[in-house]
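Participant: Note that the protein sequences, when read in sequence, are chains D and V.
According to full-length UniProt numbering, the first sequence is numbered sequentially starting from 1.
According to full-length UniProt numbering, the second sequence is numbered sequentially starting from 1.
Any given hint could turn out to be false.
What the hints assert, rightly or not - A short list of chain V residues far from chain D (calculated; beta carbon distances all over 12 Å):
#: 1; residue: R26
#: 2; residue: K27
#: 3; residue: R44
#: 4; residue: M123
#: 5; residue: L152
#: 6; residue: K201
#: 7; residue: M233
#: 8; residue: A253
#: 9; residue: R256
To be verified - Okay, derived cross-link-like pairs now, SDA-like style, lysine to any residue, Cα gap no bigger than 20 Å in a straight line:
#: 10; chain 1: V; residue 1: K261; chain 2: D; residue 2: S129
#: 11; chain 1: D; residue 1: K353; chain 2: V; residue 2: E252
#: 12; chain 1: V; residue 1: K27; chain 2: D; residue 2: S218
#: 13; chain 1: V; residue 1: K255; chain 2: D; residue 2: G349
#: 14; chain 1: V; residue 1: K255; chain 2: D; residue 2: S218
#: 15; chain 1: D; residue 1: K280; chain 2: V; residue 2: K261
#: 16; chain 1: V; residue 1: K261; chain 2: D; residue 2: K404
#: 17; chain 1: D; residue 1: K266; chain 2: V; residue 2: D157
#: 18; chain 1: V; residue 1: K234; chain 2: D; residue 2: N247
#: 19; chain 1: V; residue 1: K27; chain 2: D; residue 2: D220
#: 20; chain 1: D; residue 1: K280; chain 2: V; residue 2: Q263
#: 21; chain 1: D; residue 1: K266; chain 2: V; residue 2: E264
#: 22; chain 1: V; residue 1: K91; chain 2: D; residue 2: T402
#: 23; chain 1: V; residue 1: K91; chain 2: D; residue 2: S218
#: 24; chain 1: D; residue 1: K350; chain 2: V; residue 2: K255
#: 25; chain 1: D; residue 1: K404; chain 2: V; residue 2: K91
#: 26; chain 1: D; residue 1: K350; chain 2: V; residue 2: K91
#: 27; chain 1: D; residue 1: K350; chain 2: V; residue 2: K27
#: 28; chain 1: V; residue 1: K234; chain 2: D; residue 2: G349
#: 29; chain 1: D; residue 1: K280; chain 2: V; residue 2: S258
Note that these hints are calculated values from the structure, not bench results.
Virtual Cβ for every residue (Gly too), placed ideally from N, Cα, C.
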Amino acid sequence: MANMIMTKTAMPEQQPDVRNKNFEEVALGYTEEMAVFEAQRCLHCKNRPCVNGCPVNVPIPEFIAHVANGEFEQAYNVLTSANSLPAICGRVCPQETQCESKCVRGIKGEPVAIGRLERFVADYHMAHSREKLQLTKSNGHKVAIVGAGPSGLTCAGDLAKAGYAVTVFEAFHTAGGVLMYGIPEFRLPKAIVQKEIDGLRALGVEIQTNMVIGKVLSVDELFEMGYEAVFIGTGAGLPNFMDIPGNGLSGVYSANEFLTRINLMKAYLDDYDTCIIRPKRVAVVGGGNVAMDAARSAKRLGAEDVYIIYRRSEEEMPARNEEIHHAREEGIEFCLLTNPVAILDDGTGKVGKIECVKMELGQPDDSGRRRPVEKKGSNFQMDVDCVVIAIGNSPNPLIRITTKGIEANKRGCLVVDESTMQTTRQGVYAGGDAVTGAATVILAMGAGRQAARSIDAYIQGRNE
Amino acid sequence: MFKIVEKAALNPSITKMVIDAPFIARKALPGQFIILRVDEHGERIPLTIADYDREKGTVTIIYQKVGKTTLLLDTLQQGEAILDFVGPLGKASELEGYKKAAVIGGGAGCAIAYPQAKALFNMGTHVDVIAGFRNKELIILEDEMKKVSQNLTVMTDDGSNDHKGFVTDALLANIQNGAGYDLVIAIGPIPMMRAVSNMTKEYGIKTIVSMNPIMIDGTGMCGGCRLTVNGEMKYACVDGPDFDGHQVDFDEAMKRLSIFKEQEQNAVRNPDCRLLRSANNG
């Protein structure tokens with residue numbers, strides 16, 4: 001019997017005035033009863049529009065049917081047939097623009113909470129499964145993956161399942177990419193990311209950390225070492241700054257630096273050695289998820305006032321609605337239609353103020369969003385002691401400048417054949433943010449999956 | 001894990017370690033650096049590659065005990081291991097095509113100046129090395145620097161080695177005596193690099209400095225190490241660490257180095273500091 005309640009089963013959360021003082025996960029997850037009850041809202045449509053909304057085409061109604069029957073492990077098996085990292089996707093995917101946006105229940109009322117159910121199933125499996133993984137029989141072929149972020153890990157997992165000996169080369173001391181250094185603990189606990197990575201290791205994936213490909217080894221050397229194909233999943237980790245005065249002042253951070261110190265280096269904990277300043281008044285410039293993460297992190301470090309400064313209106317904000325909502329609840333203030341023009345010195349080389357102008361929206365630009373236009377003479381100053389710049393990242397140029405035959409576009413993104421993910425060089429594939437520029441975790445995973453299929457076809461074709 | 005195959009104190013505050021890191025040893029070039037993390041709770045710190053042996057697969061680092069992490073590193077002994085050690089990072093120094101160079105090292109900066117002097121010397125460049133220390137007890141790498149230079153001048157601030165004065169005093173004397181340098185390399189504390197750059201600018205001598213800003217990843221993904229060079233933002237970890245000394249904004253670099261001064265001092269003084277705990281246990 002379907003559950004015809006119009007709204008999603010609510011997920012328990014930490015209270016805003018409690019959680020904005022700790023780094024623990026905000027959303028607490030469904031209980032078994034809640035999951036079964038929510039799963040019963042799925043109507044099991046014949047044409048399964050939700051599946052088309054998912055970049056990796058998870059068989060959504062099938063896994064939800066198992067949840068509705070209390071068969072959580074079966075649900076997990078269905079889920080992981082299409083998605084290697086479900087505990088992560090269930091938490092960080094923008095479901096409102098993907099699977100859930102296509103759900104028939106969303107026409108009148110709220111869609112089925114697919115993301116929350118995915119998360120429940122993955123967490124249930126991690127907590128309860130004692131099953132030993134069956135290693136796939138080796139097919140004798142070696143593939144190298146550059147970068148241990150979502151695209152590289154997905155590609156590695158799929159190839160390992162197909163029998164390849166896979167080595168992932170990661171520049172940092174920890175695998176995970178943005179899942180480890182970028183997305184904060186309160187949205188994505190690092191222990192969960194670690195468990196997903198350990199799961200890949202159990203599949204036979206070898207991960208070598210502290211290996212900066214392009215410096216310590218070149219792509220050509222990887223081929224010389226016997227790897228038959230290389231996948232580049234190096235992301236878009238090069239932070240952009242604004243072309244305004246004051247970028248060099250103490251207290252101005254890229255969001256990457258601010259979040260890396262907090263998430264990867266755990267600078268907010270006393271028994272870790274990495275420093276972080278604990279600012280009082282923080283301006284975060286930008287309107288994406290990274291800006292929300294930085295602002296909410298600043299609040300948790302004890303800042304009294306945290307401002308999001310964004311040059312368009314809320315409607316154009318690229319951040320997930322849920323993140324904007326959570327940020328507001330936690331006391332983050334939004335300065336919309338506002339753009340910084342200078343960061344000002346307090347007289348000692350530290351940030352003292354940020355000077356902004358008011359903006360208004362003009363005609364739509366190339367991106368289809370209405371272009372912000374400066375209101376002349378509307379300059380004003382705000383007292384701040386820290387500015388975090390979260391206006392986007394570009395791909396790191398290291399691979400493309402050290403590898404022959406790999407073309408990039410003018411934004412520095414690697415050029416690939418969209419159906420195969422092959423770069424302009426045979427045997428070298430790429431995917432994720434390194435190709436698209438900063439996008440989402442699930443799109444990166446979808447690209448990794450597609451590349452794994454192409455790499456398999458390429459290597460099998462060569463050996464026929 | 002990266003094993004420490006040799007450890008030696010060069011003076012009371014400066015230590016040399018030879019680390020087993022064959023991949024890095026194969027690729028390292030003068031001017032490049034590594035980032036290390038001592039243990040699971042440690043921070044990432046950059047250190048210049050002071051030497052390397054491609055056949056033995058080792059990389060030499062020389063560090064000064066200035067704060068918590070370098071003190072913690074110094075608790076490790078030969079045979080023990082460093083958790084993370086990544087490199088070679090940064091651009092190699094561009095040293096080709098010079099006839100006569102002065103390579104200037106200040107204090108621990110000599111550990112970075114030494115491989116550059118060695119590379120120049122081996123290319124056939126005439127090399128004068130000028131090294132500066134606070135007093136004669138702190139002098140390091142004297143024999144090594146002598147071997148890779150035509151002339152070595154060691155200055156002490158207090159004159160305890162009978163050569164009283166700053167490195168700039170020795171440099172000025174050489175220039176005025178008609179040394180005819182077409183390159184000066186200056187590596188050490190920022191005030192020293194700034195003083196050398198100001199002096200060589202007057203004489204129009206090309207000057208390279210090796211910048212030492214705060215770093216985390218060392219691969220260009222955070223911008224923590226950014227500097228202003230000739231009015232443009234540069235990342236020392238990927239665009240440097242070598243830059244034209246006549247174009248670097250030293251004042252800004254100096255201020256940026258002190259961002260975490262308070263926390264760094266607290267980290268060492270704090271009686272609960274795990275370094276002190278480990279020192280007491282060890």
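Participant: Now look at each hint and say whether the structure bears it out.
Facilitator: Results for each hint:
The Cβ of R26/V sits about 8 Å from the closest Cβ of chain D, inside the 12 Å cut-off, so the non-interface label is violated. The beta carbon of K27/V sits about 6 Å from the closest Cβ of chain D, which is not more than 12 Å, so the claim that it is off the interface is violated. The non-interface label for R44/V is inconsistent with chain D: the shortest C-beta to C-beta separation is roughly 7 Å, within 12 Å. With a cut of 12 Å on Cβ distances, M123/V stays outside the contact zone with chain D, its closest approach being about 23 Å.
No beta-carbon of chain D comes within 12 Å of the beta-carbon of L152/V; the shortest separation is about 33 Å. With a least CB separation of 21 Å from chain D, K201/V remains clear of the 12 Å interface cut-off, as annotated. Its beta-carbon lying about 6 Å from the closest one in chain D, M233/V breaks the requirement of being farther than 12 Å from that chain. Once the 12 Å rule is applied to beta carbons, A253/V is inconsistent with being away from chain D; the minimum gap is 9 Å.
Distance check on R256/V: its Cβ comes as close as 6 Å (rounded) to a Cβ of chain D, failing to clear the 12 Å threshold; non-interface status is violated. For the hint pairing K261/V with S129/D, the CA-to-CA distance comes to about 48 Å; that exceeds 20 Å, so the pair is violated. A hinted pair counts as satisfied when its Cα atoms are at most 20 Å apart, and K353/D with E252/V qualifies at roughly 18 Å. Note on K27/V and S218/D: the hinted pairing holds, with a Cα-Cα distance of about 10 Å set against a maximum of 20 Å.
Distance hint between K255/V and G349/D is fulfilled; the C-alpha atoms sit about 6 Å from each other, no more than 20 Å. For the hint pairing K255/V with S218/D, the CA-to-CA distance comes to about 36 Å; that exceeds 20 Å, so the pair is violated. Annotation: proposed proximity of K280/D to K261/V holds, straight-line Cα distance about 18 Å (limit 20 Å). Taken as a hint, the K261/V and K404/D pair is broken in the structure, with Cα atoms around 43 Å apart against an allowance of 20 Å.
With a C-alpha separation of about 41 Å, the suggested pair K266/D and D157/V falls outside the 20 Å cut-off, and the hint is violated. Among the hinted pairs, K234/V with N247/D is consistent with the structure: their alpha-carbon atoms are about 12 Å apart, no more than 20 Å. Restraint check for K27/V and D220/D: satisfied, since their Cα atoms lie roughly 14 Å apart, inside the 20 Å limit. As the CA atoms of K280/D and Q263/V are separated by approximately 16 Å, the hinted pair is consistent with the 20 Å bound.
Distance hint between K266/D and E264/V is fulfilled; the C-alpha atoms sit about 16 Å from each other, no more than 20 Å. Distance restraint check for K91/V and T402/D: the Cα-Cα separation of roughly 12 Å lies within the 20 Å cut-off, and the hinted pair is therefore satisfied. Restraint check for K91/V and S218/D: the C-alpha separation of about 15 Å stays at or below 20 Å, so the hint holds. Between K350/D and K255/V the CA atoms are separated by roughly 8 Å; this keeps the pair inside 20 Å, and the hint holds.
Using a Cα cut-off of 20 Å, the hinted pair K404/D and K91/V holds, with the two alpha carbons roughly 19 Å apart. Distance hint between K350/D and K91/V is unfulfilled; the C-alpha atoms sit about 29 Å from each other, more than 20 Å. Of the pairs offered as hints, the one joining K350/D and K27/V is violated, with about 39 Å between alpha carbons and a cut-off of 20 Å exceeded. Under the criterion of a C-alpha separation no larger than 20 Å, the hint pairing K234/V with G349/D is consistent with the structure, at around 18 Å.
Simply put, K280/D and S258/V have alpha-carbon atoms about 19 Å apart, close enough for the 20 Å limit, and the pair holds.
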